Amino acid sequence: MKYPLIVIILFLSFISLMGCRREENYRGVPEPLWKHLTAEQKQLIVDRAYEDDMKKAEMN
Amino acid sequence: MKKIQIFLLIFGFGLMMGCGKPVMPPLKYDEPIDFEVKKNAYLNWEFGKQYSGKVQSYDNCHNNSAGLIGVLLVSAISSIDHANNPSRYTVSYGKAEQAIFMTSLRDILRKNHVFKQVELITDLASLTKKDVLVNVFFKTARVTSLGGGQTITLSVEMIVTTNGKAPFKRTYLVKSDAQGFSPSFQDQQIDVSNRLLGKIIAGLQEWHNTINLRSK
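For the protein sequence lines, the chains are Y and A, in the order given. Using this note's numbering, read the first sequence as starting at 3 and increasing by one per residue. Using this note's numbering, read the second sequence as starting at 469 and increasing by one per residue.
One chain only, chain A, in its complex shape (with noise of 0.2 Å):
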């Protein structure tokens, strides 16, 4: 009976604390960014392919500890919390992740005064011929979980617009590398946001040089 209550006790810890899922905070880049291009750009964001992670939870590691009464009342709730909130044994890098992707980016180019003006836009109707438009594709998002960690492999196209002119296209790839002890989930997202961030800056300098030396 005393194992049956500490097993319970564990299991009930273990679901509680997937009740308050931290989201990925915003990102920061200290990096100086030394060009200004003066038209207004608009990023506008595109949502692709999805593939979560599964995480370990308390009920696989434990049923040893438990007698026959206790693994079965666990498994049976724990069977209905799975149907019930999948998010809580999945970790992905989807739709919220991006969003905030999506913001912080905005945010630092108009931080570091790189256009005259920065918006996120969905409706692509609204653009006009002298503007900018920056669109990021987040072609596939996937989650691996091996041995325990998980690892975050993003694949985004960039492709820039602007007056007519041929697209400037790029394609990245970036994987998440968090180091330290035992990195959690959240740092891999801001790792490899931040990986991202990086190339996506260097391609919009690169897309910049590129017009320069055209119009020369």
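Just chain Y, same shape as in the assembly (with noise of 0.2 Å):
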């Protein structure tokens, strides 16, 4: 065998970790695209949410 067998489980291994790992969901934006945001875009997709928040509150 050209590759030992180790190193096809230990690729399998990391191939399925990659797939079972959950991305995070911020305010509706999903973590890799969270993480390349400015804190000032951040902040206004926080905020933007949060006042829709307590309009729907406050319609209820």
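No lab work stands behind these hints, which were simulated from the structure alone. A hint or two may mislead.
Said to hold, decoys possible - Result set (DSBU-like, lysine-lysine): computed pairs, CA atoms no more than 30 Å apart in a straight line:
(1) 598/A x 44/Y
(2) 597/A x 37/Y
(3) 597/A x 506/A
(4) 579/A x 57/Y
(5) 496/A x 57/Y
(6) 44/Y x 637/A
Stated by the list, open to error - So the derived label-pair ranges between C-beta atoms look like this:
(7) 605/A x 11/Y: 49 to 55 Å
(8) 60/Y x 579/A: 36 to 42 Å
(9) 40/Y x 503/A: 25 to 31 Å
(10) 655/A x 6/Y: 29 to 35 Å
(11) 516/A x 11/Y: 45 to 51 Å
(12) 601/A x 60/Y: 18 to 24 Å
(13) 7/Y x 605/A: 57 to 63 Å
(14) 40/Y x 551/A: 29 to 35 Å
Said to hold, decoys possible - Listed next, the stretches of chain Y that the computed footprint assigns to chain A, with coverage defined by at least 3 CB atoms under 8 Å from CB atoms of chain A:
(15) 27-41
(16) 47-60
Values in this document were obtained by computation on a predicted structure and should not be read as measured data. Using N, Cα and C, we set each Cβ at its ideal position, and we do this for glycine too.
Two chains, each in its own frame: build the complex with the hints.
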């Protein structure tokens, strides 16, 4: 066998771990995008979501 | 066995490629803006409905090149990954892109001294009657997938209100059409954002001309 079994097992485990890791979601923005935003853009999204939640709560 | 190994390598690479999702860069506007409003302006962003498009994944493309074990392995890993990391398999013009658009619009208006002062707000209670409120409502942001590529269509409503005057309302429908060899989804995001930016600035100029005519 060209590749030792342990290498294949490690590689498969790595791929499985990548697939099993659940991405976070911050106020409707997935983690891969969220981490690229500036602090101001994150704050804007959080503030907007807060205002929308308040509006919904008032309506109920 | 060799086929499976090669396939897993391709699949693993594809999976890892999805990890570093690029975000739309801040927008630039090089056209001259030759109007000035001697008032403070506040930009308010509203988020509407979002329709995502699908990304063609590697597991669908190369299923034929692997044996039965490879296909089973990959489909098992892939289904878990689809459930846990939906953003890897979908593309959208969502809150992140809209927040980047709004901060870029604010920066462009500031740089060109269109208003005395420009701020982004979410709470309208702090506004005074003299201020200008520019409300930008992204009614729908839709991504359609066609033949491996994606098109973004935005429907945006802009309402400008000031000093008890009748609101100036415009609705814009813009569609991405990025040119060049195989434009990426980010190219489409930049293209549609620039088109919308041009329309909003033209709309603000139209509003400025309207209030000038009324006051004469």
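Going through the hints against the structure:
no., hint, in the structure
1, 598/A x 44/Y, "holds (29 Å)"
2, 597/A x 37/Y, "violated (38 Å)"
3, 597/A x 506/A, "holds (14 Å)"
4, 579/A x 57/Y, "violated (33 Å)"
5, 496/A x 57/Y, "violated (33 Å)"
6, 44/Y x 637/A, "holds (28 Å)"
7, 605/A x 11/Y: 49 to 55 Å, "holds (53 Å)"
8, 60/Y x 579/A: 36 to 42 Å, "holds (37 Å)"
9, 40/Y x 503/A: 25 to 31 Å, "holds (28 Å)"
10, 655/A x 6/Y: 29 to 35 Å, "violated (43 Å)"
11, 516/A x 11/Y: 45 to 51 Å, "holds (48 Å)"
12, 601/A x 60/Y: 18 to 24 Å, "holds (20 Å)"
13, 7/Y x 605/A: 57 to 63 Å, "holds (58 Å)"
14, 40/Y x 551/A: 29 to 35 Å, "holds (30 Å)"
15, 27-41, "holds (count 11)"
16, 47-60, "holds (count 6)"
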